[in-house]
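Start counting the sequence shown at 1; every next residue gets the next number (the UniProt record's numbering).
Calculated from the structure, these hints are not laboratory results. Just so it is clear, the structure is predicted and the values come from calculations on it, not from any experiment. It cannot be assumed that every hint is accurate.
[What the hints assert, rightly or not] In silico SDA-like pairs for lysine to any residue, Cα to Cα no more than 25 Å straight-line:
{"id": "1", "residue 1": "Lys314", "residue 2": "Arg571"}
{"id": "2", "residue 1": "Lys332", "residue 2": "Pro286"}
{"id": "3", "residue 1": "Lys314", "residue 2": "Lys332"}
{"id": "4", "residue 1": "Lys439", "residue 2": "Ala459"}
{"id": "5", "residue 1": "Lys314", "residue 2": "Thr282"}
{"id": "6", "residue 1": "Lys332", "residue 2": "Tyr315"}
{"id": "7", "residue 1": "Lys146", "residue 2": "Asn162"}
{"id": "8", "residue 1": "Lys352", "residue 2": "Asp214"}
{"id": "9", "residue 1": "Lys146", "residue 2": "Gly165"}
{"id": "10", "residue 1": "Lys133", "residue 2": "Asp214"}
{"id": "11", "residue 1": "Lys133", "residue 2": "Glu179"}
{"id": "12", "residue 1": "Lys146", "residue 2": "Asp181"}
{"id": "13", "residue 1": "Lys146", "residue 2": "Phe167"}
[Claimed, not checked] Here are the simulated distance ranges between beta carbons:
{"id": "14", "residue 1": "His540", "residue 2": "Gly465", "range": "40 to 50 Å"}
{"id": "15", "residue 1": "Gln317", "residue 2": "Leu243", "range": "18 to 28 Å"}
{"id": "16", "residue 1": "Arg388", "residue 2": "Ala480", "range": "33 to 43 Å"}
{"id": "17", "residue 1": "Glu366", "residue 2": "Glu588", "range": "35 to 45 Å"}
{"id": "18", "residue 1": "Asn154", "residue 2": "Gly339", "range": "46 to 56 Å"}
{"id": "19", "residue 1": "Ser132", "residue 2": "Leu578", "range": "46 to 56 Å"}
{"id": "20", "residue 1": "Gly465", "residue 2": "Ser353", "range": "18 to 28 Å"}
{"id": "21", "residue 1": "Asn278", "residue 2": "Asn178", "range": "29 to 39 Å"}
Beta carbons: idealized from backbone N, C-alpha and C, even for Gly.
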Amino acid sequence: MALRDHNYVIPANHEEEEEVGAPNIYLQDHTYAQQLPAVQIQAQPEEDREALEDGAAPDDEEEEDEAVEQEEDGAVDQEDGAVDQEDGAVEQEDGAVDQEDGAVEQEDGAVELVMHAEPRTYRIIPGIRLNSKFYVDNLGFKYYRKKLLVNTINLICELRKNPRGDFMCHGSASISINERDNRLRIVTDHNHNPEAINLDVPFLRNALGERAVDRTVTTPSVRGLYNSEIIKHPQAAISYTFLQTQSRAKRMRQSRRPQLPQNIHELSEMLSDPRNSNYASTFQIPSSAFFNQELIVNGVSVGVIFANISAIEKYCQELATVEMVGIDGTYKTVPQVPGDLRCFLTFQVLYKSVAFPMVYVLLGSETEETYSALFTVIRNILPLNYDRIRFVTDYERALMNAVQRIFPNSELLCCWFHFSQSVVRYCHRKVNGVLNLVKRHEVAARIFRMVLALPHLPAERGNPGCPNFCMEDGFHTIVAYTLQFPDISEVMSRFLRDYVFDYWFVQIGPRRLSVFGQDHRTNNYLESFHSTLLTQIGRHPNIWDFLQRLIIVENQFYVEFQQRTNNLTIRDGTSRSLRENATRIIRESVQQLNRDSDLLMFLRRTGHRNDGYVQEQIGPYP
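Input sequences plus hints: build the corresponding full structure.
Next up, the structure:
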């Protein structure tokens, strides 16, 4: 076949997607093709035709003596059933293919199409199943792979693989195994016309499928994936909906996940299985183990421990300089299954003023015995200088007792934020009437603020930074001040006596409550981490989704730890600046207290340090 003045062979990775045959109809996740309608063909002048030689290759182009002149409107010249195409596309008129020589006149004046033109090139199109594919030639016939030979691939017509009732086509073709060579040779002719298909939708569908199961994609939101891909595939987006994407993504994810474990022990067994290594190893190259071990107490499986031991060993010298550790748990992100999971706990170190989670634990028990067993494991795998470590925790008694039991030479500090949070939550109880009084009475609001300031005093007298006052002195000062206002003294005195003193002073104790002289008075960095985790994985996710997101988070902190060892700035510094400013103000207030011994004024000044948080929780107050 002679070709003139145009490039007939289309590169395998060509960009143009014009197809021959008829107007497109759009692919669904099921049958998406329709038979071409019969169309009327207009005869072309004999002089405008070119004699095409069957089987001629593009290399024969220079041997032809006569040039081919295309019609101005791009119509296809045909002779003896052969089609000469420009840029691999046949001009469409009113959505149908113009064809001649072989058209059979119908009784109603229409023409039945009988294909005699021979396809020459093909494209590879993504199939419905991920990583599957089919082939479409330049005339629109669709093929599936039949057999792989040494240098070629045998293809069969779609209607041979998937007959339509009793109708079957025995059409077949052959292509090179080299996909850069996209020439196609017909072995057996088709007995039907090509069907119209939309070749845009498969590429959108395939891109969405790949991202839906890609473990490195940082968002689990199908809506986010869909919105991103329809920007890249605007034509296909018209015919492929979000609901189709959502259903497909759900099926694909479910088919690739392991079965759900019924309990913590079964989860540990599944994470030990090499077939589930994607959920038990890190993203680093080479990958290292992330699942560490099952936590067993008295023969019962109570937790699963995760830690990047390779990273810990790599940075053991840097970790030896750590002086502060934060421990906190959250319940919002705990997977629903296994049903015996209760809490997700993180063990974070403060390195160069930045918090880094080092150990992650899914727990099914929150007893002192469980915490003690956990901290024993952590002490063995995390090489910190525990004789000088300061631990910051919330006021969970079992947790505090376990810290002091396993790390007896360390210092335990409780989080001032959690103290403030607990006091606010107590006031929200309608039965005590404190919140309404605080919101409408200026003196009650002042007393409330002074209670929140108590931890800024030393636990005992004789502290070098403030030798003459302690927390209990501050409490008695607040009580004496309250008694001066009879209209509120009954409610506020009960609040001070029954809650503040009986619980915080007697049960918790000033030594655990005081944050006097501390720069880091809270473990808010853990709260921030849990908030970020909640945003990324949502509430109570599937256990396998949870682990995939957790591995992504671990990789983030692994990279950032390396950056921090190089003294790079990885946080914007706002929280640090605010903390340092608050520390300076409190220190100046202590110095003023040492000079004038006005304890009431000290409590009033420092009581405003938490106004922002309190107003978020209870609204404006005097």
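Consistency of the hints with the structure:
1. With a C-alpha separation of about 23 Å, the suggested pairing of Lys314 with Arg571 holds against the 25 Å cut-off.
2. Restraint check: the Cα-Cα separation between Lys332 and Pro286 comes to about 32 Å, which exceeds 25 Å; the hinted pair is violated.
3. For the hint pairing Lys314 with Lys332, the CA-to-CA distance comes to about 32 Å; that exceeds 25 Å, so the pair is violated.
4. With a C-alpha separation of about 30 Å, the suggested pairing of Lys439 with Ala459 is violated against the 25 Å cut-off.
5. With a C-alpha separation of about 15 Å, the suggested pairing of Lys314 with Thr282 holds against the 25 Å cut-off.
6. Restraint check for Lys332 and Tyr315: the C-alpha separation of about 31 Å exceeds 25 Å, so the hint is violated.
7. At roughly 13 Å between alpha-carbon atoms, Lys146 and Asn162 fall within 25 Å of each other, so this suggested pair holds.
8. In summary, the hint linking Lys352 to Asp214 is not supported, as the alpha carbons are separated by about 34 Å, beyond the 25 Å threshold.
9. Note on Lys146 and Gly165: the hinted pairing holds, with a Cα-Cα distance of about 21 Å set against a maximum of 25 Å.
10. The suggested pairing of Lys133 with Asp214 holds, with an alpha-carbon distance near 19 Å, which does not exceed 25 Å.
11. Distance hint between Lys133 and Glu179 is fulfilled; the C-alpha atoms sit about 13 Å from each other, no more than 25 Å.
12. Restraint check for Lys146 and Asp181: satisfied, since their Cα atoms lie roughly 19 Å apart, inside the 25 Å limit.
13. Restraint check for Lys146 and Phe167: the C-alpha separation of about 19 Å stays at or below 25 Å, so the hint holds.
14. Checked against the hint of 40 to 50 Å, the pair His540 and Gly465 passes, with Cβ atoms roughly 45 Å apart.
15. Judged by the Cβ atoms, the range 18 to 28 Å given for Gln317 and Leu243 is violated: they are separated by roughly 54 Å.
16. As the Cβ distance of Arg388 to Ala480 is approximately 40 Å, the hint placing it in 33 to 43 Å holds.
17. Remark: the range hint 35 to 45 Å for Glu366 to Glu588 is upheld by a beta-carbon distance near 40 Å.
18. Asn154 and Gly339 have their C-beta atoms about 53 Å apart, which keeps the hinted 46 to 56 Å range intact.
19. A C-beta distance of roughly 55 Å is found between Ser132 and Leu578, which places it inside the suggested range of 46 to 56 Å.
20. Between Gly465 and Ser353, the C-beta spacing of about 22 Å keeps the proposed range 18 to 28 Å intact.
21. Between Asn278 and Asn178, the C-beta spacing of about 33 Å keeps the proposed range 29 to 39 Å intact.
The earlier numbered hints that this structure contradicts are 2, 3, 4, 6, 8 and 15.
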